[in-house]
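These protein sequence lines map, in sequence, to chains B and G. Numbered per the working numbering, the first sequence spans residues 343 to 604. Numbered per the working numbering, the second sequence spans residues 2 to 259.
Treat the hints as calculated values from the structure; they're not laboratory data. Hints are not guaranteed to be accurate.
[Said to hold, decoys possible] Below 25 angstroms or equal to it, Euclidean Cα-Cα: the simulated BS3-like pairs (lysine-lysine) are:
#1 B:LYS362 to B:LYS432
#2 B:LYS362 to G:LYS227
#3 B:LYS432 to G:LYS145
[What the hints assert, rightly or not] Pulled from the structure, derived: some chain G residues nowhere near chain B, Cβ distances all over 10 angstroms:
#4 LEU12
#5 ASP28
#6 ASP77
#7 LEU96
#8 ASP107
#9 ALA109
#10 ARG126
#11 ILE181
#12 GLN204
#13 ASP213
All residues carry an ideal CB built from backbone N, CA and C; glycine is no exception.
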Amino acid sequence: MSTMTYAARDSYTMLRRSLKHMRRYPSLTLMLIGQPVIFLLLFVYVFGGTMGAGLPGGGGRADYLAYVAPAILVMTIASVALSTAIYVAKDATEGIVDRFRTMPIARPALLTGHVLGALAQTVLAVTVVLAIAVLLGYRPDAGVAGWAGAIGILALLSLALTWLCVALGLAAQSVETASNTPLFLMILPFVSSAFVPTDSMPTGLAWVAENQPFTPVIDTLRACLAGRDPGSDAWWAIGWCVLVTVLCFWWAGRLFGRVRAV
Amino acid sequence: MNTQTTAIEVLGITKSYGDHVVLRGLDLTVPAGTVYALLGPNGAGKTTMIRILSTLIGADGGAARVAGFDVRTQPDGVRRSIGVTGQFSAIDELLTGRENLRLMADLAHLPAREAAARVDELLARFDLVDAADRRAATYSGGMKRRLDLAMTLVSRPRLIFLDEPTAGLDPRSRRDLWQIVRELLDEGVTIFLTTQYLEEADQLAHTVGLLDGGRLVAEGTPAELKAQAGGETLDDVFLALTGHGVTPESDDELEEIR
Ligand SMILES: Nc1ncnc2c1ncn2[C@@H]1O[C@H](COP(=O)(O)OP(=O)(O)OP(=O)(O)O)[C@@H](O)[C@H]1O
Ligand SMILES: [Mg+2]
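Same shape as in the complex, but just chain G (with noise of 0.2 angstroms):
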């Protein structure tokens, strides 16, 4: 496979928990320097397919190929490709926003001079620099968010994945999420997102696939999308497709979820 031209290659990939079926044979590819959008209510299995793309866990069945590499047999291969922007925080809260970052280029084996020029360059573009020497811990909900994100590109990932990566902020915070995820994508990174809110597919993707009962129940561009279900919104579509629509529980419900 040529990872110039395809990014995330999924075949079949099936996932239980027990009795509980949550992928049921999914198929979906992502042409490098796109951003595809996996969009589905709570429980749809977003998260698990991010876990299974980022070597996390093992899918039961299909086979996944990412950045080129087989998730089941070269994992090493993958996580020398991406970067991981989870849906709940992965900071070291007992350490400052720039040892965070600085703990990425060390473990990236970044020379001393290039990993503190980095974690100086990550810290202004995520507008960190005021706090980059207290513990994460007193950090805002957005503040670790932007942390998380800057600790995933410390690397320079040329594959993304963000889980949700705009649950819990405020609208402005979502917008400067958005800018850098264009950012990223000029500089010919691919991303692979998953959301609840139809606007940020329709906003940033590519590609959009509805994640539903296990399956991917349509896949195309948002207009594509659109098109095809004869409605103005993705919300329309998914009501189309799916008899139900995607809004989840209101923003309290995920406030406590976070």
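Chain B with its partners taken away, still in its complex shape (with noise of 0.2 angstroms):
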């Protein structure tokens, strides 16, 4: 067999163990889909009235929902992606990661393992969350090409995400830091176009609304599924996201490879 074949054959074997201790945590996968569940919930039914009428243009409760679902749905991919940097923080603090170390395995093997197992996990949690706000009412408006639009973004978001969630967690000291450095992913959507529009934002904060990278990609799958053209968001929500990709994915390939401190 080939040195890709092997890879490949590695990552699906750490996959499978990813699936399996995903199974064997069910709390930490009913967590990660309760969240954006309840944000989505709290939304809607708490601030939706007050929210819809500030949107441009006006509206109630089901504009509201129509706006925020794309955004919960973004909420999704980054509490799945938190998960994996404490996953990754837990495996790394458990001896068994030395013991890969010891052995023939294709390098990136572990780490594609957690990010194909984060990925899975992704799919689930979004379903059903979509699911859910189609129960309350939340109806897309896209096409074929936009739901390919969503779905291909949000895979990338997840990807970027995910990447970024292993490498904070091969740099965490301890699970407990694994899991608080990620918390960012979970505030910077609230200063984006997530949940309300930027231009309702003093100047300065709307500023850094518009240009940071949660933006564009809510931009993006809002346009994608409400059925518009996302035109240049899209550039930038795609630009983003494989820059964070390619960075991450070589930020903890260096991380893993690197001499463990103790």
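Join these two chains into a complex; the hints should help.
Next comes the structure, spelled out in structure tokens:
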């Protein structure tokens, strides 16, 4: 077998290991899905009436649901990514990773296994959250191209955030640190176009919101799901995701090869 | 170098952590098919040596060849040839014993049929059949240790590193483990182990190296060392050669370390 075949096989073995871990920690998966669902309910039923009225052109709860649903999907992805940092850090503190490192395993296999496991979890979580949004009355207007775009951007975002969290998990010296450092991923969407239009913010904040990666990603997703053309936002979104993925893939690889402190 | 005759060759290995010099130029040779025991007190650098030889960390200076491969430039060659049971448990506690072994078999690229057979064989050999489908987290310390070693053996490595394999084991488990080491030796496997127990080195090793202050202060067969220092036990030897004994902290403290 070639090196590539071995790399694929080892990654598959590691993916199966990650999936087993997830099945044995169902509470974590439930929490990952529960958290965005609570956000969704909160934003639609608690804030939705008022927030909807504040949307450009005015509107109601239903309009706000359409506005916020894509943002909640993005939060779902961030939430799954966060758990990956914890998995990775937990693994690194347990001796098994040292064992892997003394074995002739294709180098990125372990990390790829984590990432693929997270993607599987993302698919599950996003599907559940989307289904609940639809139950609440959300009706995406996307055609085939729109859905393809939405799935594409969700996948790219998931890849970027997961590799970022893999790197953060490896960089953390403890599981506690690993569960804290990526929390900014849950905060950043609040300073973006996720929950309110950026032009309703004070000038300085609006500038930050308009220029941070979550805004083009959320705007692209929102456009795709609404059956509109995302325009240049799509390029910014793809650019950011690819940039973060590449940098964090490289960073994670370095951290993994690094001599552990202990 | 001929891998048939020399399993490990270490030349002037040095390693420091910051100002703290752990290894100050270590030389040693382990002939294939023999047991080498590296003996030393807590903090002597035994684990550091194993981590260098098993490609987990780099040395600062010197060179080492393991199974004919340079640890610095050919780490993958080394990794294909060795099995390592570290000082601390390296099992996946969320998986069952069987799944842990199967994971190793899959990573060793054994065909499915062979993998399943190898897993069953090792479960039986290490007396883990009854516990095979329980999560490893529920295993006792001795069972975890056995699983750890079984995982190391899945790929049938010709050279095995055991870092304090019997620390924390009761006398019976310790003797069982010695028996396994002897069986491996009969199969022609080379074993490099570390220990703080003089009796263990005496029982198992062809060659014993005494590590103290970052240097090998003595090396030879257990009998040679005893003759050299005019003592009966390796403890006498250690005392004669280093001015202090080898006996580490109490067993309680060892327990704590585990
Ligand atoms: N990552 C590290 N950073 C700093 N110092 C370290 C590191 N790893 C080991 N040391 C130091 O190196 C010395 C040798 O450690 P090592 O673990 O090799 O000893 P050992 O002989 O295996 O001891 P023990 O019998 O307790 O396992 C110790 O003083 C230890 O504190
Ligand atoms: Mg040690």
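Worksheet entry | List of violated hint numbers, smallest to largest | 2, 6, 7, 8 and 9
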